[in-house]
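S.K.: Single-letter residue listing:
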Amino acid sequence: MSSITAAGGPPAAGAPQGGRRGQSFDPSSLARHSPRYGERAVMVVLQGAAMLSVLVTIGIVVSLLLPALSFFREVSVGEFLFGTRWTPRFPGQESYGVVPLITGTAWTTAIALLIAVPFGLGAAIYLAEYAAPRVRKVLKPVLEVLAGVPSVVYGFFALTFVAPFVLEDLLGIEVGTFSVLSAGLVLGIMIIPTVASLSEDAMSAVPSSLRQGSLALGANKMRTTLRVVFPAAVSGIAASIVLALSRAVGETMIVALAAGTQARVVTGATQPGQTMTGFIAQTATGESTPGTLSYNTLFAVGLLLFVLTFVINMISIRLVRRFREAY
Amino acid sequence: MATIGQLATQPIKARKHGAKSPASIAFLVALWCALGFSILCLLTLLITSVMDGLPRLDSNLLTQYTSQIAPERGGARAAIIGSLWVIAATAIMAIPLGIAAAVYLEEFADPRRWYNRLIEVNLQNLAAVPAIVYGLLTAGFALSIGLRRGVVLAGGIALALLILPVIIITAREALRAVPAEIRQGSLALGATPLQTVWRQTLPSAIPGVATGTILALSRALGEAAPLLLLGGLVTIRFDPNGLLSGFTTLPIQIFNWAGRAEADFQQLAAAAIILLLVMLLLMNALAILIRNRYQRQW
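Chains as they are written, first to last, in my numbering: chain D, 1 to 327; chain C, 1001 to 1298.
Heads up, some of the hints might be wrong.
Output of the computed footprint for chain C on chain D, the stretches with three or more beta carbons under 8 Å from beta carbons of chain C [claimed, not checked]:
(1) 63-73
(2) 127-141
(3) 144-156
(4) 303-309
A few chain C residues facing chain D, derived, Cβ under 8 Å [to be verified]:
(5) Cys-1033
(6) Phe-1037
(7) Val-1121
(8) Ile-1132
(9) Leu-1143
(10) Ile-1145
(11) Ala-1177
(12) Leu-1229
(13) Thr-1235
(14) Phe-1238
(15) Asn-1241
(16) Leu-1276
Lysine-lysine pairs mimicking DSS-like chemistry, simulated, CA-CA at most 30 Å apart [as the list claims (entries may be wrong)]:
(17) Lys-140(D) x Lys-1020(C)
(18) Lys-140(D) x Lys-221(D)
(19) Lys-1020(C) x Lys-137(D)
(20) Lys-137(D) x Lys-221(D)
(21) Lys-221(D) x Lys-1020(C)
Worth flagging that the hints you see were computed from the coordinates, not collected in a lab.
Even glycine gets a Cβ: it sits at the ideal position worked out from N, Cα and C.
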């Protein structure tokens, strides 16, 4: 317990407001008054609320693991991870190889990062290094609005505008209604603010003495930005990209609407494909009775998704910690 | 021989010269393009949604249930009421828990204890867990306590768990911004630590906490993925009227309509998107208003 916590010390005489003051001025004695059971109860409640977050994590692991374990009793782990046919809903020829879903997720995520990293970093560098404070004050909230648009709206945008108009008509790329390209592009737009906002924070945290030193040595603004500020902020920038990666892997509504529902190994950007999240969304909307293999399949894929994003998040948290320690 | 004045201006000239090199200009243009692209995307998204949906933005959208046979007259009534119920359930669960956890972590927790450090890392991780995983969690939880999956309460639990880390993180930032002098003054006058938090620290942090909470709730309002697993994707043709009532929400209704091939449904989806965006805009405006109006600079 830290500075201002009342330690429930021995029952010293005198109410807190009482006239009898302690003889010495030992500050620790100020904290020792009569035990306040009500306050201790409130403290326990507060602590319990904080502990709930750990319970939630344990709950996630348990609720994913139990059905997933029943799944793996019927399907071997090797077949699940390395099988290349995903047909859980074809009666008679069910096959549970998750590779097609992984390729779907990999394609949409890769396309999303190809969009979000350059555009997000460019926006971040401009806002952190070049923009006048007034411009920045207007533009940063605009980027945050982009982050606040619900993902189902992005999905609708991908389905009704990006695929038919931007890709087919404007750029002349032959894509069907569903493709990992249109889903990935819009996914990329959605995660631009994640990259931009966190990278901007990282670059703004670089002390201006470093910039001044560089400028004083004769480097121009661009050199200073690229050779001094960027390397100094690189772990924060990396963390922002890793976090964006995690969001792209876990995003559901865009890929459920725009990537398609055919689970097959994706070998090109213009093909339709199903992602891990897309499969969960599609199966959940159908009938799935608890206890059946089809229900457990959801949790096996969910467990894989959780483990993947967990590893990615941990890398991001590590990177952020390094960047915080730097200055 | 250069005069002192000329010498003094030389570095500035050199910098100006460097700033106008072709590479520098190309770099700056590239940065402009990056930012411009993001803003262009936002504008395109808003404009296309509004243009698609405007013809259907009528009173039927608000007062009619969705209709399979006559989508041109259908509406999102059940989804709007369902969204309000789910958000209310989410708020009731998430706000007290989130603020309590934030108060504990910011005011009382000793960061050197291993369990408090565990909570910290755990919160950061939870904030980045995919939304759909919360749906799986709640589906499993509901099953184990015998709660029917497709009810408002289950949806509220899923969304509350989803936004809890966000509320805790923003509430902590608001509490951290309250200067230590306020706490010290209160303690020096004889208030107990909890009295200090309840009467001084929390009231001072309320604007920041409220702003963060409203933004978190607006995220919950737009979220659909976890609710898909909780039976939210059903055709509801009645007004949800309680925590154990079946429900659908606006984002799910949009997902449902957008996934259909008929143009009428697409138009309906666009109209509902306008409605959703307006609701989110109002919530965000409220958050900004509170921040600007009540936030004190210490």
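S.K.: Quick check on Cys-1033(C) please, does its C-beta sit within 8 Å of some C-beta on chain D?
M.R.: Holds. Min distance 7 Å.
S.K.: Holds or violated: is the Cβ of Asn-1241(C) closer than 8 Å to a Cβ in chain D?
M.R.: Hint on Asn-1241(C): violated, closest Cβ of chain D at ~24 Å, above 8 Å.
S.K.: For the hint on Leu-1229(C), just tell me whether its beta-carbon gets within less than 8 Å of chain D.
M.R.: Holds, about 4 Å.
S.K.: Hint validation: Leu-1276(C) versus chain D, beta carbon distance must be below 8 Å. Holds or violated?
M.R.: Holds, about 6 Å.
S.K.: Close enough to count: is the Cβ of Ala-1177(C) nearer than 8 Å to one in chain D?
M.R.: violated, 16 Å
S.K.: For the restraint on Ile-1145(C), tell me whether the closest CB of chain D is nearer than 8 Å.
M.R.: It is violated, given that the least Cβ distance between Ile-1145(C) and chain D is near 12 Å, above 8 Å.
S.K.: Report holds or violated for chain C covering the stretch 144-156 of chain D, Cβ cut-off 8 Å, minimum 3 residues.
M.R.: holds (count 11)
S.K.: With the threshold set at 30 Å, check whether the alpha-carbon distance from Lys-140(D) to Lys-1020(C) stays at or below it.
M.R.: The given pair, whose Cα atoms are some 26 Å apart, holds under the 30 Å limit.
S.K.: Verify the interface restraint on Phe-1037(C): the C-beta must sit less than 8 Å from at least one C-beta of chain D.
M.R.: With a minimum Cβ separation of about 5 Å from chain D (threshold 8 Å), the hint on Phe-1037(C) holds.
S.K.: Do the numbers back the hint for Val-1121(C), that is, is its least Cβ distance to chain D under 8 Å?
M.R.: holds, 6 Å
S.K.: Do three or more residues of the stretch 303-309 of chain D come closer than 8 Å to chain C, measuring C-beta to C-beta?
M.R.: holds (count 3)
S.K.: Would you mind confirming whether the straight-line C-alpha gap from Lys-1020(C) to Lys-137(D) stays at or under 30 Å?
M.R.: holds, 26 Å
The structure fails to meet hints 10, 11, 13, 14, 15 from the earlier list, while all remaining hints are met.
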